[in-house]
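Residue numbers (this note's numbering), protein chains in the order written: chain A, 1 to 112; chain B, 1 to 118.
There's no promise every hint is true.
Said to hold, decoys possible - To give an idea of the chain B side of the interface with chain A (calculated C-beta under 8 Å), a few residues: (1) L26; (2) I93; (3) Q107; (4) P111.
Claimed, not checked - If you want the ones that stay clear, here's a sample from chain B, every Cβ over 12 Å from chain A, calculated: (5) V4; (6) C13; (7) K41; (8) Q42; (9) L46; (10) E59; (11) G61; (12) A72; (13) T78; (14) T80; (15) H85; (16) E87; (17) D88; (18) E106; (19) T113.
Everything labelled a hint here was simulated from the structure, so no lab data went into it.
Here the structure is a predicted model, which is why all the values come from computation and not from measurement.
Even for Gly, the Cβ is constructed at its ideal location relative to N, Cα and C.
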Amino acid sequence: AQSVTQLGSHVSVSEGALVLLRCNYSSSVPPYLFWYVQYPNQGLQLLLKYTTGATLVKGINGFEAEFKKSETSFHLTKPSAHMSDAAEYFCAVFETGNQFYFGTGTSLTVIP
Amino acid sequence: GAVVSQHPSWVICKSGTSVKIECRSLDFQATTMFWYRQFPKQSLMLMATSNEGSKATYEQGVEKDKFLINHASLTLSTLTVTSAHPEDSSFYICSARGGGLGREGEQFFGPGTRLTVL
Numbered sequence: 001a002q003s004v005t006q007l008g009s010h011v012s013v014s015e016g017a018l019v020l021l022r023c024n025y026s027s028s029v030p031p032y033l034f035w036y037v038q039y040p041n042q043g044l045q046l047l048l049k050y051t052t053g054a055t056l057v058k059g060i061n062g063f064e065a066e067f068k069k070s071e072t073s074f075h076l077t078k079p080s081a082h083m084s085d086a087a088e089y090f091c092a093v094f095e096t097g098n099q100f101y102f103g104t105g106t107s108l109t110v111i112p
Numbered sequence: 001g002a003v004v005s006q007h008p009s010w011v012i013c014k015s016g017t018s019v020k021i022e023c024r025s026l027d028f029q030a031t032t033m034f035w036y037r038q039f040p041k042q043s044l045m046l047m048a049t050s051n052e053g054s055k056a057t058y059e060q061g062v063e064k065d066k067f068l069i070n071h072a073s074l075t076l077s078t079l080t081v082t083s084a085h086p087e088d089s090s091f092y093i094c095s096a097r098g099g100g101l102g103r104e105g106e107q108f109f110g111p112g113t114r115l116t117v118l
């Protein structure tokens, strides 16, 4: 079965600092990869996704992620954190014919 | 983008009552809908997958008689929590796929429903 690991359940950064949220998956076949953001008492909003093609994917709100097959990683980054980025972030993996697998989530705190 | 709505967004009920949550795809036909449960500060746990017109497939450990799922049309799925108890209190999120969308597995999520059972 697929597993998705998000290192660090809580990440704190200063406003304006680099945001790095880590995600590793276990599939031997390149899956489709997603990052979602969740604000309190809300559903999930898609930040970005990787399916095929360019391994550096740009998403909304200035976020981007790079698919690294050799490292089975799909880390999420943003050059400069904003207060509004404080939220819960979920990495997810989908294999064709299989189900969606979510990571355990990373709570991002932005310090003013 | 594809929009999925849920109703109600927040419900409080007495123990022993049943609660129905609706999930609608507003601008596409959802051939497959998913129901998730999320506990505070935790990830989403898939409860069941439903395809329009057929019975839902429940994940291991999810009581199908407790959580009744109906996917009667291509735009509506309902989750009924029967004889709710305080331990059923949770955040329930639905998602949908279909209508030519999400060919790469992408699901479109509803805003969630907060259920509190007193």
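Hint by hint, here is what the structure shows:
The interface hint given for L26(B) is broken, as the beta carbon of that residue sits about 13 Å from the closest beta carbon of chain A, more than 8 Å. Given the 8 Å rule on beta carbons, the hint for I93(B) holds: about 5 Å separates it from the nearest Cβ of chain A. Annotation: interface hint on Q107(B) holds; nearest CB of chain A at approximately 6 Å, less than 8 Å. A cut of 8 Å between beta carbons decides the hint on P111(B): the least distance to chain A is about 4 Å, and the hint holds.
For V4(B), the shortest C-beta to C-beta distance to chain A comes to about 8 Å, within the 12 Å cut-off, and the non-interface label is violated. Even its closest Cβ contact with chain A, about 18 Å, leaves C13(B) beyond 12 Å, as expected for a residue assigned away from the interface. For K41(B), the condition that its CB be more than 12 Å from all CB atoms of chain A is violated, with the nearest at approximately 7 Å. With 12 Å as the threshold on Cβ separation, the claim that Q42(B) sits away from chain A is violated: the shortest Cβ distance comes to roughly 7 Å.
Some Cβ of chain A comes within 12 Å of the Cβ of L46(B); the nearest lies about 7 Å off, and the non-interface call is violated. At roughly 9 Å, the least C-beta separation between E59(B) and chain A is not larger than 12 Å, which violates its mark as non-interface. For G61(B), the condition that its CB be more than 12 Å from all CB atoms of chain A holds, with the nearest at approximately 15 Å. Chain A leaves A72(B) outside its interface by the beta-carbon criterion, the shortest separation being 22 Å against a cut-off of 12 Å.
At the 12 Å boundary, the C-beta of T78(B) stays outside the reach of chain A, the nearest C-beta of that chain being 17 Å off. Distance check on T80(B): its Cβ is at least 20 Å (rounded) from any Cβ of chain A, clearing the 12 Å threshold; non-interface status holds. Interface exclusion of H85(B) from chain A stands, the closest Cβ pair being 22 Å apart, more than 12 Å. Every C-beta of chain A lies more than 12 Å from that of E87(B), the closest at about 20 Å, which supports listing it as non-interface.
Look at D88(B): its CB is around 18 Å from the nearest CB on chain A, clear of 12 Å, so calling it non-interface holds up. The non-interface label for E106(B) is inconsistent with chain A: the shortest C-beta to C-beta separation is roughly 6 Å, within 12 Å. Not every C-beta of chain A lies more than 12 Å from that of T113(B), the closest at about 10 Å, which undercuts listing it as non-interface.
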